[in-house]
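Model the placement of chains B and C on the given structure of chain A, informed by the hints.
Protein chains in written order, with this note's numbering: chain A, 1089 to 1364; chain B, 1089 to 1364; chain C, 1089 to 1364.
Keep in mind the hints are simulated off the structure, nothing from the lab.
A hint or two may mislead.
You can't tell identical chains apart in this list, so a pair holds if it fits in one copy or across any two.
Below, a list of computed lysine-lysine pairs in the BS3-like style, where the Cα atoms sit at most 30 Å apart [unchecked claim]:
| id | residue 1 | residue 2 |
| --- | --- | --- |
| 1 | K1145 | K1209 |
| 2 | K1209 | K1192 |
| 3 | K1347 | K1304 |
| 4 | K1209 | K1194 |
Each chain, written out:
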Amino acid sequence: MSIITLMTDFGAIDEYVAIMKGTIFSINPSVNIIDITHQIDPQDLIEAAYRIESVYKYFPIDNTIHVIVVDPGVGSDRSIIAVKMFDQIFLAPDNGVLTLLLNKAKTSTIVRVENSKYFLKSISRTFHGRDIFAPVSAHLSKGLPIERLGPTLYENDPVRLSIQYPYISENDELIGYVILIDRFGNLITNIDLECFQKFCRLDMKKTPEVWIGSSKISDLAQNYQSVEPQKPLMIIGSRGYLEIAVNRGNAGSRFKSKKGDCVKVILSKSSIDRRK
Amino acid sequence: MSIITLMTDFGAIDEYVAIMKGTIFSINPSVNIIDITHQIDPQDLIEAAYRIESVYKYFPIDNTIHVIVVDPGVGSDRSIIAVKMFDQIFLAPDNGVLTLLLNKAKTSTIVRVENSKYFLKSISRTFHGRDIFAPVSAHLSKGLPIERLGPTLYENDPVRLSIQYPYISENDELIGYVILIDRFGNLITNIDLECFQKFCRLDMKKTPEVWIGSSKISDLAQNYQSVEPQKPLMIIGSRGYLEIAVNRGNAGSRFKSKKGDCVKVILSKSSIDRRK
Amino acid sequence: MSIITLMTDFGAIDEYVAIMKGTIFSINPSVNIIDITHQIDPQDLIEAAYRIESVYKYFPIDNTIHVIVVDPGVGSDRSIIAVKMFDQIFLAPDNGVLTLLLNKAKTSTIVRVENSKYFLKSISRTFHGRDIFAPVSAHLSKGLPIERLGPTLYENDPVRLSIQYPYISENDELIGYVILIDRFGNLITNIDLECFQKFCRLDMKKTPEVWIGSSKISDLAQNYQSVEPQKPLMIIGSRGYLEIAVNRGNAGSRFKSKKGDCVKVILSKSSIDRRK
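Just chain A, with the same shape it has in the complex (with noise of 0.2 Å):
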């Protein structure tokens, strides 16, 4: 059985997502449809972009197809694209929403979808998930190769993001931000473990200590319970990205940052000072 997953920018109180699964099961009864979330900040392409890049590897090779309709661009000149990538099917606006997995993919198909034959009869210009994404994502459900959604694109074809990498800055110290913060107020940023990890090494006699705003956290953490209750820590998450986490709080509400904070981490002499 094949699955679709639907991440959207929607919400939960109106009937645009079961208009989009309604449109689906009635072309293919079968499909297995799951949600991603629809609380994607009203156009937050950035936020889009993370989350489908922290949740489409658990899915299912050869029979997935992830749709996202992050679209602030609807009704306009903008594209539709249908990727295929990791053995997957990602269909959505041509907006850069899949940055993140075009940087990370080694191959992938490009198409730009303008094949009005899998769409549904009248198109509106305000809403292409049902008129476009459900019933097409519906037919590559059913087995209908990319390529017959429209022409192929090069790889560099796709608008991209400019996404913001973490840095080093003049004063060593690495640059990150906060790219989302979760239902626990963990404060998600941009600095990757990999990126963590060669930082830290710069100078081995050094511990890392990540400052948001005015406020120093010390504990680099396994698990949330390693501090004492209501204490910071930094840890790295289940995604793979550094966080700042409350053991039983909220860093959100306790540090009151909010999405784009910039979040710095220095190699303190004084930490290794505390272990001698």
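Relative to chain A, chains B and C alone:
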């Protein structure tokens, strides 16, 4: 595979919807249950009436059962009805929530749901979603003819809400109101395309302006991007109703609107002047 | 088709639940996954304990696996247990979240989940929902006997929450508290029907009154409409517990209540007087 859709005002926090699903699967393990929304404002029949009208037609015919549990009268002597119309089945309290569909259906079969053979054995006074709607819908999804549920009613028997359709005032204004505000802050009005077009044709030399409170919106757009970011616009939305939106913004908060607010469309000379 | 239900405190915004679902489908593509709720207050074991008790019995026996991931101790040395009781399987951290069910079950088989053969290959310290609960539940749904997961425990081995059952005070009041407030603002107490009836029978010449803070509610209703709109009432709700509600209103905001608030039932002469 049959489909049961669920629309309730039970929200996402409580386990009430899951209890309905468990009850359904206990009777028909192979049905496909789809959530329309569970975030109807508690006991808001008008909202539910418009949402089911928006969504039903995207679901397959012949094997879809729509279950609507927005039911302020649960446990009182209100009836439950099952209606076959548009080649689908609708199961709802007899409180008017199906009014828009009943007004539109050319033919329908309506029964009062009374046959306790298809209910749970013990019926509470507070949760008919679990005790009646869920098991009855499960039996329907297995092919039970609705006539088995109870006596057939006449077309005029079910309770109808008094729907406020748009009208033309003494000042030649088209008067409507805000039915819903969606997640993007778009104000969905009760003025449908046909009604809007008829009104505009009353004087083809003029162009429409829509007023919400003391704010005027003159741009009738084809899509959200056809005005500058943060500019308001009016648009015939994907439901087929006039909407007020703000490109990359939130009309609800911009105009401090709430459900029920009055909306006026006027035909303006000044606009046609500007076009000269 | 087997059913896996999911109850977590992961919320609806993040993709954590979807990651669990992808992991499950990668192992058992034909299982039916049902969300109970993901809105448990972060790390609130008592709330989770009452909700799973409310919902489990409406799911089919023999092929339902309930997965509860409310897990403040993730990554510490807390265990995970699988329990077979009521002809269903429950998979949860050994933190007491199954207390109400274990207290009630006449027979149960309990194992400590240790066999990493059924886990993901790499186990994080922060997301056992993905790394252990999801794959183990998927294998169970394919028929794996729970005994394969690890050593059998004695009935008294699992951690139990100290559940506050209602009691009679020195002043002959029945003392309970608010377990949950549902979406409608109904206050669900820990006073169950049996306990309430026993208390009322202590003096059949009197009638019960319930006090929440300094507010008294005298109407014991059969349904929400049996009092005037906006009037409060007490009712044995669909869960079988005493609830305080307001007809077409919100008891939570009316009485400014929160989870944990004390509720007193007293037997009152005055009420019986009124009946003369």
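Status of the hints after comparison with the structure:
1. K1145 x K1209: between (34 Å within a copy, 14 Å between copies)
2. K1209 x K1192: between (36 Å within a copy, 22 Å between copies)
3. K1347 x K1304: within (18 Å within a copy, 34 Å between copies)
4. K1209 x K1194: Answer is between: at 24 Å across copies they meet the 30 Å cutoff, but 36 Å inside does not.
The structure agrees with every numbered hint stated previously.
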